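Q: Residue-level listing of the chains:
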Amino acid sequence: MARLEELHPSLRKWVEGYSWRKAEFAQVAQAPDPAAARLALISSAGFVLPDMTPFRKWRLGGDDSFRRLPSSLDSSTLINTHRSEAFDHEALDRDPELGLPLSLLKELQEEGLLGSLHETVYSFMGSITRPGRLVRSRAPELAAELRGADVDLALLVPV
Amino acid sequence: MGLLAAELDRQGIASVCLQFLELVARAVGPPRALCVPWPHGWPLGPPEDRVTQRATLLRALELFSRRGEGRPILEHIENLPAGSPG
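Heads up: the sequence lines are chains U and D, in that order.
So the first sequence is numbered by my numbering: it starts at 1 and just counts up by one.
So the second sequence is numbered by my numbering: it starts at 1 and just counts up by one.
Hints may contain errors.
Here are the in silico distance ranges between beta carbons for each label pair [as the list claims (entries may be wrong)]:
1. GLN11/D x SER65/U: 11 to 21 Å
2. GLY12/D x LYS22/U: 16 to 26 Å
3. ARG66/D x PRO9/U: 15 to 25 Å
4. SER65/U x VAL51/D: 28 to 38 Å
Sample of chain D residues facing chain U (criterion: CB under 8 Å; computed from the structure) [said to hold, decoys possible]:
5. LEU8
6. GLN11
7. ILE13
8. PHE20
9. TRP42
10. LEU44
11. VAL51
12. GLN53
13. ALA55
14. LEU57
15. ARG59
16. PHE64
17. GLY70
18. ILE73
19. LEU74
Derived by calculation from the structure, the hints in this document are not laboratory data.
Bear in mind that the values here come from a model prediction, so they are computed numbers and not experimental data.
Positions of the beta carbon are idealized from the N, C-alpha and C atoms, including for glycine.
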């Protein structure tokens with residue numbers, strides 16, 4: 001795995017000192033066989049499309065909004081607007097599928113290993129250091145939307 | 001992402017989070033976490049290495065079927081060399 005000691009000293013100090021909020025849930029949801037399931041892809045790479053408002057880099061506590069992108073998008077049109085300097089932006093710009101693996105998931109779907117891919121992809125920007133509104137508002141909004149779309153599984157891909 | 005994942009599971013949508021740091025996975029405790037061996041920015045593996053990226057996605061799909069008492073249900077991908085089929 002990524003090692004703490006490999007992080008920049010200032011980031012390492014932050015990671016070790018930050019008061020991480022514990023996830024609260026009663027039980028793990030039962031998952032159907034992926035081959036018969038509908039999966040939603042959620043990224044925190046801060047991707048937007050050219051006609052979308054970029055994520056707000058300087059918002060105190062982080063920008064907890066999200067964008068809905070079509071799974072039919074051309075990944076070469078994705079724009080990385082993530083504010084963090086703690087990861088390899090050059091790699092993400094060169095290979096956006098690192099953060100949004102649409103072609104590979106479609107490949108798995110074609111091979112019968114994945115039932116279907118939800119037609120909307122959800123794009124967040126990580127580095128949300130004050131997640132109160134995310135927990136109270138954004139997450140329930142997204143979960144309700146996915147339930148309404150008969151989504152069974154969600155894959156969350158950070159950067 | 002772990003906090004978002006928890007809400008999804010609470011509403012019946014099973015989630016898997018990729019994670020870079022086990023420390024963070026254990027501190028936040030999402031329902032299911034797959035710890036990856038690559039640096040931040042490479043959640044699926046090295047850029048343009050479709051073989052490794054595909055192997056990571058397959059491991060993530062497998063994790064949906066895992067049952068476990070711990071929170072999170074946590075697995076690691078071993079440190080694969082670039083291009084390894086996993």
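Q: Taking the hints in turn, state whether each one holds.
A: Taking the hints in turn, this is what the structure says about them:
The beta-carbon spacing between GLN11/D and SER65/U, approximately 20 Å, falls within the hinted interval of 11 to 21 Å. Against the hinted window of 16 to 26 Å, the Cβ-Cβ separation of GLY12/D and LYS22/U comes to about 21 Å, which satisfies the hint. Between ARG66/D and PRO9/U the Cβ separation comes to about 35 Å, which falls outside the hinted range of 15 to 25 Å. At roughly 35 Å, the beta-carbon separation of SER65/U and VAL51/D lies within the given 28 to 38 Å, and the hint holds.
Proximity of LEU8/D to chain U holds as hinted, the smallest CB-CB distance being about 5 Å (cut-off 8 Å). At its closest, the beta carbon of GLN11/D sits 4 Å from a beta carbon of chain U; the interface hint therefore holds under the 8 Å criterion. Below 8 Å, beta-carbon pairs count as interface contacts, and ILE13/D has one with chain U at about 5 Å; its hint therefore holds. At its closest, the beta carbon of PHE20/D sits 4 Å from a beta carbon of chain U; the interface hint therefore holds under the 8 Å criterion.
Below 8 Å, beta-carbon pairs count as interface contacts, and TRP42/D has one with chain U at about 6 Å; its hint therefore holds. Checking LEU44/D against chain U by beta carbon gives a least distance of about 6 Å; that is within 8 Å, so the hint holds. Because the beta carbon of VAL51/D sits about 10 Å from the nearest beta carbon in chain U, more than 8 Å, this interface hint is broken. Satisfaction of the interface hint for GLN53/D is found here, the shortest Cβ-Cβ separation to chain U being roughly 6 Å, below the 8 Å cut-off.
Among the interface hints, the one on ALA55/D is violated; its C-beta lies about 10 Å from the nearest C-beta in chain U, farther than the 8 Å criterion. Checking LEU57/D against chain U: minimum C-beta separation of about 6 Å stays under 8 Å; hint holds. Look at ARG59/D: its Cβ only gets to about 11 Å from chain U, farther than 8 Å, so that hint breaks. The beta carbon of PHE64/D comes within 4 Å of a beta carbon in chain U, closer than 8 Å, and the hint placing it at the interface holds.
Annotation: interface hint on GLY70/D violated; nearest CB of chain U at approximately 10 Å, more than 8 Å. For ILE73/D, the interface hint holds, since its Cβ comes within 8 Å of a Cβ in chain U; the closest pair sits about 7 Å apart. Residue-level restraint check for LEU74/D is violated (minimum Cβ-Cβ distance to chain U is 11 Å; threshold 8 Å).
Violated hints, listed in ascending order, are 3, 11, 13, 15, 17 and 19; each of the other numbered hints is respected by the structure.
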